[in-house]
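Engineer: Below, each chain spelled out in residue letters.
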Amino acid sequence: MDDFKIIDDVMPDVPFPAAGTVAEARARVFRPRRRRSPAWAGIVTVAASAATVTVIGAAVAVPRLGDGARNGTGGGVTVAATDPGPGPSARSSAGVSAGGVLDAVADRLARREERGRANWRVEMDRFARSSFDGGAFLVEDRGREVHWAGPDGPIATEASAIGAEPLTAADRAAWEKAGSPRICGTDSNCENDQIPYGRTRYIPVSSGDYQLSSVRLSPRELRRLPQDPAELKAEIMSRWAAALKGIENSDAPAGGDVPSDGDIVWWVGTRLLTEVPATPPVRAAALRMLSALPDVRVADDVRDVGGRAGLALTRDTGGPYAERIVIDRATGDPLALEEVLTAPVPDLKGLPAGGVAFSRLVRRIGWTDDAPALPEGCTPRAKKECLR
Amino acid sequence: MITVPDEASIADPERFGAVFDAHYEEIRRYIGRRLDLDIAEDLAADTFLIAFRRRDRFDPARGAVRPWLYGIATNLIGRHRRAELRRYRILAKAGPDPDDDGHDQRVADRVTAGVTVGRLSGALARLSRGERDTILLSAYGGLTYEEIAEALGVAYGTVASRLSRARTKLRGWLGVEI
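Residue numbers (my numbering), protein chains in the order written: chain A, 41 to 428; chain B, 24 to 201.
Keep in mind the hints are simulated off the structure, nothing from the lab.
Don't take every hint at face value.
Selected chain A positions facing chain B (in silico; Cβ < 7 Å) [unchecked claim]:
no. : residue
1   : Ile46
2   : Asp48
3   : Val50
4   : Val54
5   : Thr61
6   : Arg66
7   : Arg239
8   : Ile243
9   : Val245
10  : Gly406
11  : Trp407
Values in this document were obtained by computation on a predicted structure and should not be read as measured data.
Backbone N, C-alpha and C fix where the C-beta goes; we use that ideal spot for every residue, glycine too.
Using the sequences provided together with the hints, build the complete structure.
Structural biologist: Shown next as structure tokens:
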């Protein structure tokens, strides 16, 4: 149907989704049907989870913040690792528990002194796997993102589309067998008009605030976030509640899903670690805060899709996707933010449990004297020539 | 590249993932072309959250999942009508340059004929809400008359008459055949 095509042609289009937003939206929709809990329900849940700590593979229950008084564990460290087996390990080769490694990493990170430089930069490679041709083979779509911020807040994001290819040799064979169809990126029509392969879209930011999921923070507020994990969590929850009040609408189905506390803390906490220039003590607090979530497991020697080993905080969502952040043990900086299958799913046919469905590998993160080079004419207002 | 799921299977929570994967980008894009992107991101997720919650009420015999999602998205946009109109006013004053990226020769031809982002935004703002919903479902979503009727829960004839009225108005305001 070609009606009103002129409107489609002439009106401005929408930029490519920013890093992680699709995964986050997905997680928001597909987390298990979490109760909008009455106040007492949380206590019951926490108590139940404390009584029946089941450990999958090599996991460690680390101290819970703020919950200890309720469930009677007093916040002590509960190490409940079972046979670590090969691969991810609750204990490092030096015999230190993953929880212990996390503590050491967070301590080190909190003490780090960062020299003020001109700009904050995060460079990430993005991998998204999906099935093609009715599940005949898997495809990996690759892209790159660079996030820039300055003392006055976010400046710009550069998003590049690199290409898409069959994931494995078997997938390639299946692709060839299917007649080597053209593999598209995020657009279903192969036109890929947001960021064509081989090109970069520059997205200048006009707002001076950081948007971490639903929590908006000015640069000053970001710098002044609490350095204590329990206080940080409380601050996030209170800011989220305030933001939610503003957007809550009347005809949301009664008793419907709202993000659980764990969702909120995870979404905001992982962004504190991977996207914005939070201070080292705040990042250390964020690490401890995430590790203390009841559905988060900590394991050492986990490899990201780039093959780099680190300390992984894995959060079970109850659905077929677990979310994890992999941390560099030496620095406390993030290595990767990934979604891992906990069970095979029909829409990623061929990807086994444990396979990574989505990954953002952090290649560089930190302050720099470099500055973003936006194409001339590409400004938050004009957005002219923003595709290169 | 995305596999469109069997319509009948969406009541299954696991299969609903395929609905999300198949349609999230286009729903986000549809909303993002009518509202600012920060609102659009939230509303796109809300669209699927609502669809997921109501998936047991979805009747494949009555229509396809795509217009159903567009209908939910359009209802959510309706709650931000003032924001949408404000956006058109801003675009009408300072629309992107006609040679902005993504705009090709076909657009250049339109612009030569006088249809700029600014003028078009002004015209969209002047349509009634029902007319605007109807033509934008057609323009951005590529929905057919039947699908628009399903999405908006109105009769086929209503869609036809809204489109016809909108076309007449746009032709008058813009001076070209739309």
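Engineer: Hints first: check each against the structure and report whether it holds.
Structural biologist: Hint-by-hint comparison with the structure:
| no. | hint | in the structure |
| --- | --- | --- |
| 1 | Ile46 | holds (6 Å) |
| 2 | Asp48 | holds (5 Å) |
| 3 | Val50 | holds (5 Å) |
| 4 | Val54 | holds (4 Å) |
| 5 | Thr61 | holds (6 Å) |
| 6 | Arg66 | holds (6 Å) |
| 7 | Arg239 | violated (9 Å) |
| 8 | Ile243 | violated (10 Å) |
| 9 | Val245 | violated (11 Å) |
| 10 | Gly406 | violated (27 Å) |
| 11 | Trp407 | violated (26 Å) |
The structure does not agree with the numbered hints 7, 8, 9, 10 and 11 stated previously, though it agrees with the rest.
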